[in-house]
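Participant: From first to last, the protein sequence lines are chains A and B.
Taking my numbering, the leading residue of the first sequence gets 2, the next gets one more, and so forth.
Taking my numbering, the leading residue of the second sequence gets 30, the next gets one more, and so forth.
Errors might be hidden in some of the hints.
Restricting the straight-line Cα-Cα distance to at most 20 angstroms, the calculated cross-link-like pairs of lysine-lysine (PhoX-like) are [to be verified]:
no., chain 1, residue 1, chain 2, residue 2
1, A, Lys248, B, Lys354
2, A, Lys248, A, Lys173
3, A, Lys479, A, Lys411
4, A, Lys422, A, Lys411
5, A, Lys211, B, Lys373
6, B, Lys88, B, Lys373
7, B, Lys373, A, Lys446
8, B, Lys188, B, Lys176
9, A, Lys446, B, Lys35
10, B, Lys37, A, Lys446
11, A, Lys422, B, Lys354
12, A, Lys446, A, Lys411
13, B, Lys364, A, Lys248
14, B, Lys190, B, Lys176
Hint data in this document are derived by calculation from the structure and do not stem from the laboratory.
If you want the building blocks of each chain, they are given just below.
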Amino acid sequence: MSDEAQSRVNDFVVKLANVNGTGSASANSLFMKSIFRMGIPVMGKNYFPSNIQGLPTWYEVRVTRDGHTARSGNVDLMVAMNAQTYREDLAEVSPGGYLLYDSTWPRSRDLVRDDVTVLGVPLSGLCNEHFDGARARILMKNVCYVGALAALLDIDLDVIRALLEQTFASKKSLVAFNLSAIQLGYDYARENFDCPLPLRVEAMDQTAGKVMIDGNTAAALGCLYAGATVGAWYPITPSTSLMDAFKAFCHRYRVDPDTGERNFCIVQAEDELAAIGMVLGAGWNGARAFTPTSGPGISLMNEFIGFGYFAEIPAVLFDVQRVGPSTGMPTRTQQCDLLACAYASHGDTRHVLLFPSDPAECFETAVQAFDLAERLQTPVFVLSDLDIGMNDWMVPELAWDESYRPDRGKVLDAGQLEQAKEFYRYRDVDGDGICYRSLPGVHPKGAYFLRGSGHNERAEYTEDAGEYQALVDRLQRKWDTAKSMVPEPAISDSGNQLAIISLGSCDGAVREATEQLGRRGVALDYMRIKAFPFGSAVQEFIDRHERLFVVEQNRDAQLRTLLVNELEPDMTKLVPLLHYSGLPIDSRFIIEGIEAFIAKGVAA
Amino acid sequence: MSFIRKPKIVYKGQRTNALGLTRRDYEGGMSTLCAGCGHDSITTALVQAFFELDIEPHKVAKLSGIGCSSKTPAYFLDSAHGINAVHGRMPAVATGANAAARDLYYIGVSGDGDSLSIGLGQFAHAMRRNLQMLYVIENNGVYGLTKGQFSASADIGSKAKKGEVNEQRPIDPVKAALALGGSFVARAFSGDKEQLVPLLKAGIKHNGFAMIDVLSPCVTFNDHEDSTKSYAHTRQFYHPAVHADFIPPAQPIEAGGDEGGVLRVNLHDGSQLLLRKVAPDYDPHSRAGAYSYLDECEKRGEIVTGLLYIEEDRASMHEISQTAKQSLRDLEYDKLNPGAETLKALQSRYR
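Here chain B stands alone, though its shape is the one from the complex:
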């Protein structure tokens, strides 16, 4: 038996959100990942993000491909539908699902193997369509389930557990997303929930494809010395460039402290993002600026994190397609079928 149901414990004084739900209502089954896995921290951050956003759990659709990361949708929001698809193909399933019902929140959880190798094409094209979804890459530079092969995000010089050194250039999902026209590009670290949770919230509310590359160390196969995706390495070279605070629409916005370094970004549903820039000149609206900043930091061995690029008014898939506001699956059949008379009339051209 591989599914472990989590017991529901109710106790007095549990915090509830605007819907009267507790955090527990946003959790899922027991994780079967290794103890200390970075992915579990991301799961916890997702639970917090959805809880704090007051989203009805069943109004979320969870999607994933194959890999350790792709198991995690079973560990949060157990009253949401989820689909654990085939390797590297979650973006396609998400596209179809979203095409059918645009009134749900879509979250895809993928990994570096799933998104940057087998699924690189689908990852790129979902971004190109600006499909409205939160797309989390749980990035650990290694294949866990097949026991320790390098993934496409492994850095040059990074050493595998058995001693092999990677010589191939990594594919950086952040740089890829910038080049491919991503409208929301962020990087975070599973070990920094304070940064991650607001990013996830902003991503959930973003009107388009929100890509968050979350460095998430693999404690079993890639957490040793000489690995560049270990907890120790990430913590040492971690460089937050932009910190995001998420402000829901209802909440009054306080002009907090020094406005000079703060950038306000209005999201589609009226919520706001306050971006506190650690690097003073950083402009998260400049694709080229983001790219060159990443390059510079990379040369110094720094790992840049934060909401690195955002373009909030780019048309999403449905806007481009001019799809009906009402979800297609809910349209009455009478609206879809032009009727017998029309069929007769339209055939005059075939005579």
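Bound-form chain A, shown alone:
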């Protein structure tokens, strides 16, 4: 085998172009998971329309022996199942790549590329001959191309069989049905092509202890384990599956087996305004409560968020970011709500934000968010995005530390209130800006009437200038306290002059880019911001470097804006590197961006 061929083993990208509503998602997931089961690291991204049936949808699978978690920017094998997008799908294939299509019907003559090998498989023809009924034929066409791919890429059929047996454990007849479709495609490919292709898989042992899970499911598990009992929400893509998952887990693990009583309360609200109101009501009353939403929901919640900040009520919001506003791009990813969340609402407000970079961190961050919200008595935002939230990522298996106990913060119980001479809801006893709170119904001494901006230390109504100013100054003190409580940035610093600052789902692409650039002689340090407010480590990292590329997925450099606004950096050092197409950022974008910047400097 040539070196070139060897270099493509377990290192290539397959993109599958489908029509939505045809059942392609489960076939594509079967394809990806079978590779994962062979011990080979994979990455899967779903690009789907805001539609039920009939529009183009793509699934991208990167087989990555080095365990990269981002897109590479290449497509080595395109499975072109959608005539609507055939032309653009062909154009997207990297030189030297392959295109597999349904050859039942003739292909337009002008759809040719000299540098792409075209593989025709008569998928519809095979399925029409073999299966009865329109729906079965459509569904099996997808399973059939998985069979062809298995032959072309050398995927172990036993692994596929095991997966099908597991998927259809309760409907055994479907296993044989699906397997026959796999076999159809497999046999056709073996008989008609030189299988396997140079890009192919070879079993590895790199997925032990790993799972393929999406961020919304992982965040829902975080809520479950953190002890959240009240969830309020309004359905919105891409956050809906978070509450769906939470609900499913609660029905499984939170129902008393003897009484059937449910140890949770999920309210599907009339809108996001109500959802956040419910979360604040529950938080005020002492339950761990949360709402999953996306940018448009955050916009609607703004008034209440400010209220929560001033009244100092714990709340957890998951903002699974997407491109906004309104219709068109709601099923595409972006990191575009940083500013909207950091300063949400009217008046002087600032909010704690947490930035998980993958589903495993969604799990951990969810738990941290509840602790921080109660410790700081304020709304806390977990900013994930569609890419993390809805795609299956390969991450280390989630683990739970049994010694964990929820941090309920400074809450006085009945005994403490009984002992207390007087209760001041908003007095800064400890000097950290965080006051002691009491919960309704616990003790008459703890009672207070909670309001927005106008309250004094006893929570009495006031319009007094001095008392108001004392309140906002104390909230600032609390903000300073928060800086030392939120997660520190992840820093890899080898004393280079150049560095990257990034956050969230950019992480995989940034790490791959720094590796590759390192091999090309461009050494970069890297700081991944994990929370807002920024602690001193962020300022120090910026101070230590000469040039820092701020990599993020939005047009307006929102992270850079926050850094400039909240710290005292030399602004000229911070070079924005902005990816905002709605597709997840790829490593090539970062590599090319940094190389272009350096080349420009050299030329100048």
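With chain A fixed as given, assemble chain B onto it according to the hints.
Facilitator: Below, chain B without anything else, positioned relative to chain A:
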């Protein structure tokens, strides 16, 4: 300084309730509303209702939105927690609070602007959930704090203080509640405490969303001639259809006088309501009947009051959700966290 603490005066011979508390223990801070405001009479009626029901004041959670009405929770039950939320959004806060702790009494005080304009959606959905709470709308047909604009409950032909005549149809919270499936729908007048107090008690004890629309004249902006929400107009056209007497569970029920016109309604906790019907054919269990009666009276310019509709066995939010009997906030953490082994096991499907 805008909060005025009310001095606590103790004198001999003060009446106490079963808990040994006096009425004063159910009061709050000094009202800062205009002298003669209907809302203050409602506050007094609430104090009486909670006092007579022997409810521990701190076991009540008071909620409100924004407006004159929404200030009033500061004026009763000062040893109860209260939350003065944002405009029109009190029902959401009440829903969340109730979700967290079902063992408290919830009372929401709202106004016609707060419930029928900005908060109409939340008002409707809290009712749809049959959230267990007493929901009082202090209805004066006018925006007080912003000085005299019509509210959505202003009647056609009603004249504003500056002379403008309202031409838009009013939203009647009672009719809205009937249409939206409210399980306890009542109307009262702040000037008739005898009718209001038993209604409030029944509402507090109702297993679900108890909506009481209380006509409560605004002495400053809507009490003039040609206003249909003035004291004079309300008194003149006031038409009680059903009078409610509240009987607590412990008290023996006397068969009082003419049983013919009396309807007994059993409430969830064993207490009873005796409904004395002023209009003989009135059936407070008939949604359609209530609606058409309201329509007829409206044509005659009459304002129908009383407990106009009740459905005592409709499932409340927690019953529908099958929520644990114990308040969720009080559940032990061990009951909520499925443990490390479970987490490991459940991930087999992600491999």
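Participant: Does each hint fit the structure? Answer for all of them.
Facilitator: Results of checking the hints against the structure:
| no. | hint | verdict |
| --- | --- | --- |
| 1 | A/Lys248 <-> B/Lys354 | holds (19 angstroms) |
| 2 | A/Lys248 <-> A/Lys173 | violated (28 angstroms) |
| 3 | A/Lys479 <-> A/Lys411 | holds (13 angstroms) |
| 4 | A/Lys422 <-> A/Lys411 | holds (17 angstroms) |
| 5 | A/Lys211 <-> B/Lys373 | holds (11 angstroms) |
| 6 | B/Lys88 <-> B/Lys373 | violated (41 angstroms) |
| 7 | B/Lys373 <-> A/Lys446 | violated (45 angstroms) |
| 8 | B/Lys188 <-> B/Lys176 | holds (14 angstroms) |
| 9 | A/Lys446 <-> B/Lys35 | holds (16 angstroms) |
| 10 | B/Lys37 <-> A/Lys446 | holds (15 angstroms) |
| 11 | A/Lys422 <-> B/Lys354 | violated (34 angstroms) |
| 12 | A/Lys446 <-> A/Lys411 | holds (16 angstroms) |
| 13 | B/Lys364 <-> A/Lys248 | holds (16 angstroms) |
| 14 | B/Lys190 <-> B/Lys176 | holds (10 angstroms) |
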